[in-house]
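S.K.: As you go down the protein sequences, you meet chains A and B in turn.
Residue numbering for the first sequence is 2 to 152, as defined by the numbering used here.
Residue numbering for the second sequence is 688 to 1115, as defined by the numbering used here.
Note that these hints are calculated values from the structure, not bench results.
Treat the hints with care, as some may be off.
What the simulated footprint calls covered on chain B by chain A, stretch by stretch (three residues with Cβ under 8 Å from a Cβ of chain A suffice, anywhere in the stretch; the number is not a length) [what the hints assert, rightly or not]:
1. 709 to 721
2. 752 to 759
3. 870 to 881
Straight-line distance between alpha carbons at most 25 Å, and here's what the computed PhoX-like set of lysine-lysine pairs gives [what the hints assert, rightly or not]:
4. A:98 x B:1018
5. A:98 x B:867
6. A:65 x B:867
Examples of chain B residues lying across from chain A (beta carbon under 10 Å, computed) [said to hold, decoys possible]:
7. 857
8. 886
9. 1041
10. 1080
Backbone N, C-alpha and C define an ideal beta-carbon position, used for all residues, glycine too.
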Amino acid sequence: MKRRSFLSWGAAGFVTLWSAVGVSLAAVVRFLTPSVFYEPPQAFKIGNPADFPFGPPTFLADEKIYVFRERDKGFAVASAVCTHLGCTVAYFPSDQKFHCPCHGSVFVSDGSVQHGPAPRGLEWFEVTLARDGQLNVDKEKVVPPAYRLMV
Amino acid sequence: MNVIRDVWQSIVRRDPLSTDKGKSELVFLNLWLHIHPAKVKKEHLKIKHTWYLGFITFFLFLILVTTGVALMCYYRPQSPQAYQDMKDLQFVVFLGRFLRNMHRWSAHGMVVCVFLHMCRVFYTGSYKKPRQFNWVVGVFLFLLTLGLSFTGYLLPWDQLAFWAITVGTNIGSYAPLVGKQLRELLLGGHSVGESALLRFYVLHVAVLPSAVILLTMVHFWRVRKDGGLSRPVWKLKQDQAEALVTIGVPGDAPALTVTTAAKDKTYGLMEVVTGKPIFETVTAEEEEDVVFSYPYAFFREAVALMATVTTIMALSLVWSAPLEELANPAKTPNPAKAPWYFLGLQELVSHSALLGGVVAPALMVLALMAVPYFDTNPSRRPADRKWAIRVFTIFVAINIVLIIVGTFFRGPGWALVPPWVHIVAGAE
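So that you can see chain A by itself, here it is in the shape it has in the complex (with noise of 0.2 Å):
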């Protein structure tokens, strides 16, 4: 065999040899990644708008959310996850703020933090009128905190 041959018969067989290790790891990684989620799904429906009194915010355990109905701005619907590190908010209304009992952050009504280790805002998702007049909520799709739906 010549010299030359050699090296680049060896240096595809190198490449070779490293692309498919790189594959396998890669096919490890997706097959870890599940491709179905049994999960609930992220956009549901709540129930109707009349379900819903002014005032302070109703807590959808299940859901982790909080919907606001105010009589003239409408509804919003708030996250009730932390952004710290998911612990569910507690909302007071004594002081109209949401406290994390995990590391005592606390989110003012809009949703934005006023202290603790929180590095962001409550998120807040759409919401929107179904066809059957119920409410309907989908956590992919987060907006802007002045957003709200009048029904």
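Since the structure of chain A is provided, determine the placement of chain B on it from the hints.
M.R.: Frame of chain A; chain B shown alone:
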């Protein structure tokens, strides 16, 4: 009777233990014992030298494997069966509660002992050349121990488990670039749910234990290959210290001489290689300081094993592993705390998620691994390494203080509280 003796001989294949040859053969003809040297230095047997912490850690791991396999017979990694199985183990299964207690207390004990073992190795300077790499292996074993504790924490599927893991995996998601993906891979989803339970189970019973076993084998092997246990620091006299840190034969040592073998020799020398051995060598005058591993070392190890098992059993009779109510993703307990060995981390995270949760721990681990390569001072005597000892002590103290603050001084909303609040709350 001869048959019985023949069968026994076919199994052990060694001379009687009353002879020196038998004592040696017991060690090097036995797969399980041959990781020991046939003879050990007397000074290595002293409790004060190692406190047997490495052994105790290993024995705790053995208890964990044994009780863990037993618990697997009654555990299903699904929700809500996992929690029901915990209740069964507590109230229905014969010895179920006892075995679960043993598993839990051994796990906590292992975290403590790995840490103390690391401290012992540091303070005796035993990570120094030629043992640098084994220190790094040890750091990996420490991380694996934490990983095993963390994955085990989720399995009971109670409130404590659920929120500890929620907080813990969210800390990980602050890692730059890969954090979010890593968390998704670990959880098999976007939040702590059934797929997370299954994945943590697989990690806990298969992946991580295998990794621990493999690395432990390397760790033990390297203890032997790096020259056995290091000499106790108090043995290092001023004039001896220099000689001991000089690895191998001095360069001006006389060349090997060849002598003709006696006619009745019963051994064969396979090969002579030149070059210095990488490990500390035993000089002729030290020869009298050694004893056979059997029975001296084995007896002490057996005592350490029995003391470990007895202690864990006693703890398990008196204190039960906690089990809170069924995991409820809608309701975060207040305060929601990670397992105690992560409470220092949680305390850091409560100040800054990225700095405290990712940067600081990553730097700590890297610093630990770099210790033997960074600290090139060859002396192992405390008087010669004041700064190394100061820095490490500060490192240990910071970690302990953070854990104590996180455990006892943090109440609802992670607000600072006096520690007795927990006693009062616990009594309610």
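S.K.: Does each hint hold? Answer for all of them.
M.R.: Hints, one by one, checked against the model:
1. 709 to 721: violated (count 0)
2. 752 to 759: violated (count 0)
3. 870 to 881: holds (count 8)
4. A:98 x B:1018: Holds. Residue 98 of chain A to residue 1018 of chain B sits at ~18 Å (cutoff 25 Å).
5. A:98 x B:867: 28 Å, violated
6. A:65 x B:867: 20 Å, holds
7. 857: 4 Å, holds
8. 886: Check passed: Cβ of residue 886 of chain B comes within 8 Å of chain A, closer than 10 Å.
9. 1041: 8 Å, holds
10. 1080: Constraint on residue 1080 of chain B not satisfied, violated at 29 Å.
Checked against the numbered hints given earlier, the structure breaks hints 1, 2, 5 and 10 and satisfies all the rest.
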